[in-house]
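Asker: What follows is the residue order along each chain.
Number of protein chains: 2
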Amino acid sequence: MVSHPPGQKSIRLFVEAALENGAKVELSPSQAHYLSAVMRAATGDRVALFNGRDGEWSAAVERIARNKGTLRPVEQTRLQESGADLWLVFAPVKKTATHFIAEKATELGVSLLWPVFTAQTATRRVNLERLRANAIEAAEQCGRLDVPEINTPLPLDAFCRDWPQGRRLLVLDESGGGEPIAGVLESFKDNDTTTTLGILSGPEGGFSSAELDALGKLPFVTHVALGPRILRAETAALAALACCQAIAGDW
Amino acid sequence: MVSHPPGQKSIRLFVEAALENGAKVELSPSQAHYLSAVMRAATGDRVALFNGRDGEWSAAVERIARNKGTLRPVEQTRLQESGADLWLVFAPVKKTATHFIAEKATELGVSLLWPVFTAQTATRRVNLERLRANAIEAAEQCGRLDVPEINTPLPLDAFCRDWPQGRRLLVLDESGGGEPIAGVLESFKDNDTTTTLGILSGPEGGFSSAELDALGKLPFVTHVALGPRILRAETAALAALACCQAIAGDW
Numbered sequence: 001m002v003s004h005p006p007g008q009k010s011i012r013l014f015v016e017a018a019l020e021n022g023a024k025v026e027l028s029p030s031q032a033h034y035l036s037a038v039m040r041a042a043t044g045d046r047v048a049l050f051n052g053r054d055g056e057w058s059a060a061v062e063r064i065a066r067n068k069g070t071l072r073p074v075e076q077t078r079l080q081e082s083g084a085d086l087w088l089v090f091a092p093v094k095k096t097a098t099h100f101i102a103e104k105a106t107e108l109g110v111s112l113l114w115p116v117f118t119a120q121t122a123t124r125r126v127n128l129e130r131l132r133a134n135a136i137e138a139a140e141q142c143g144r145l146d147v148p149e150i151n152t153p154l155p156l157d158a159f160c161r162d163w164p165q166g167r168r169l170l171v172l173d174e175s176g177g178g179e180p181i182a183g184v185l186e187s188f189k190d191n192d193t194t195t196t197l198g199i200l201s202g203p204e205g206g207f208s209s210a211e212l213d214a215l216g217k218l219p220f221v222t223h224v225a226l227g228p229r230i231l232r233a234e235t236a237a238l239a240a241l242a243c244c245q246a247i248a249g250d251w
Numbered sequence: 001m002v003s004h005p006p007g008q009k010s011i012r013l014f015v016e017a018a019l020e021n022g023a024k025v026e027l028s029p030s031q032a033h034y035l036s037a038v039m040r041a042a043t044g045d046r047v048a049l050f051n052g053r054d055g056e057w058s059a060a061v062e063r064i065a066r067n068k069g070t071l072r073p074v075e076q077t078r079l080q081e082s083g084a085d086l087w088l089v090f091a092p093v094k095k096t097a098t099h100f101i102a103e104k105a106t107e108l109g110v111s112l113l114w115p116v117f118t119a120q121t122a123t124r125r126v127n128l129e130r131l132r133a134n135a136i137e138a139a140e141q142c143g144r145l146d147v148p149e150i151n152t153p154l155p156l157d158a159f160c161r162d163w164p165q166g167r168r169l170l171v172l173d174e175s176g177g178g179e180p181i182a183g184v185l186e187s188f189k190d191n192d193t194t195t196t197l198g199i200l201s202g203p204e205g206g207f208s209s210a211e212l213d214a215l216g217k218l219p220f221v222t223h224v225a226l227g228p229r230i231l232r233a234e235t236a237a238l239a240a241l242a243c244c245q246a247i248a249g250d251w
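Top to bottom, those sequences are chains A and B.
Start counting the first sequence at 1; every next residue gets the next number (the numbering used here).
Start counting the second sequence at 1; every next residue gets the next number (the numbering used here).
Keep in mind the hints are simulated off the structure, nothing from the lab.
Please note that a few of the clues may not be correct.
To be verified - From chain B, some residues computed to sit far from chain A (all C-beta separations above 10 Å): (1) N21; (2) S82; (3) K95; (4) E107; (5) T123; (6) G166; (7) A182; (8) F220; (9) R229; (10) T235; (11) Q245.
As the list claims (entries may be wrong) - Computed from the model, here is a short list of chain A residues facing chain B with C-beta under 7 Å: (12) E107; (13) C142; (14) G143; (15) R167; (16) R168; (17) G178; (18) E179; (19) P180; (20) I181; (21) R229; (22) I230; (23) L231; (24) T235; (25) A246; (26) W251.
These numbers were taken from a predicted model, which means no experiment stands behind them.
Note that the Cβ used here is the ideal one computed from N, Cα and C, for glycine as well.
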């Protein structure tokens, strides 16, 4: 029997398989371990499943062992809905802070995570598998019906060339040259309810002044400011996402 | 010589001593270790000091050893200014998440951190020394001229009796019963520019429904919502603080 201490959420897993009546969902070894050893699930217990396409299903545990297991979707409990359309582009920071960004951005509803390398980005590698694992775990916990996509990392200049027409990019500018973020977001809301947004968050060292200048010349860029204190890179990213959702997003 | 890699901030320390011409500031053992072993500071190097009262001073290293040192304030570089007036009241969560709350809340400019124990708070102790150390370190990094105060932890009911007249308390209500936070903050801004605020953030298990009901009866409480996803306690606290600062605070 799966028991839930007060306040603990029921088990919720992201799977790749189709979810429909009669389907059979094989668990990954780590999911089977989680269900059997951590949550002590047994045959017949119910688990919530989602795959980003078929809504949420209540599934029954058919077989469960230490490193494998099978579930049977029994009934659809939520219809698939499209999540927020909000991108987070970020310079990778230290490992823990990067995991943090992926986790919190997922909770805050971003649809795409996109690492970029800037001049002062100290980290030159980013573990996309790990980023995706963080995003999946956060999506399972926060009740989302999808997992953010993760784009291939690019250097900043290539990234700027690839940016899609029509989407605004808010650059978190710690040099003091940006406009207060709340006013910028309000103006989007006033002018055009269909503005789609991305946030660009720099590395610990900030953007170089050449980068800020170059970004400022792009028609889709707005430099925004997050107050008088120097925020850590991950704090700035998260704070900006919260403002986007509260003022111009799905809150 | 203290050298700074690109983008790294110069050394900045919080001290208790008065800062004025002719003063002598003794370093704590951990500050001396940080200056000598980590930052490799030498006699004559400059360090920024603040104490929450006398602005920021550039101080010269007079003597430095492994576990002690003396600095001499040389010139005042910033006048003391009062920071934002924003309180964060929070149910302690797991250790790492609690440190995270203290660090991020300091960066986001809170003036007071106040732990409260609610019915579903799993953690029954909070390390106030550690909380203060997190806040000091974050204040040093983010350029604040003060460090948030830390109030003595209280059970929720005693806390409610102690809440000061005239300050609004925004309760982060994950039950779905709150109003969207942006609208609530806008209404404060429209009605009265002198509204002072506090945020009340619950434990991982959320507030009990009895607690939400009791809070809802208090004249200073507004229940607010942070969107359709289930946020971790620390994410909710941080997101709400960012919204307060962006919409009705010092951003």
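Asker: Could you run down the list of hints and mark each one as holding or not?
Answerer: Structure-based check of each hint:
no., hint, in the structure
1, N21, "27 Å, holds"
2, S82, "12 Å, holds"
3, K95, "14 Å, holds"
4, E107, "5 Å, violated"
5, T123, "13 Å, holds"
6, G166, "24 Å, holds"
7, A182, "4 Å, violated"
8, F220, "22 Å, holds"
9, R229, "4 Å, violated"
10, T235, "5 Å, violated"
11, Q245, "6 Å, violated"
12, E107, "5 Å, holds"
13, C142, "4 Å, holds"
14, G143, "5 Å, holds"
15, R167, "21 Å, violated"
16, R168, "17 Å, violated"
17, G178, "10 Å, violated"
18, E179, "10 Å, violated"
19, P180, "5 Å, holds"
20, I181, "5 Å, holds"
21, R229, "4 Å, holds"
22, I230, "5 Å, holds"
23, L231, "5 Å, holds"
24, T235, "5 Å, holds"
25, A246, "4 Å, holds"
26, W251, "4 Å, holds"
When each numbered hint is compared with the structure, violations occur for hints 4, 7, 9, 10, 11, 15, 16, 17 and 18.
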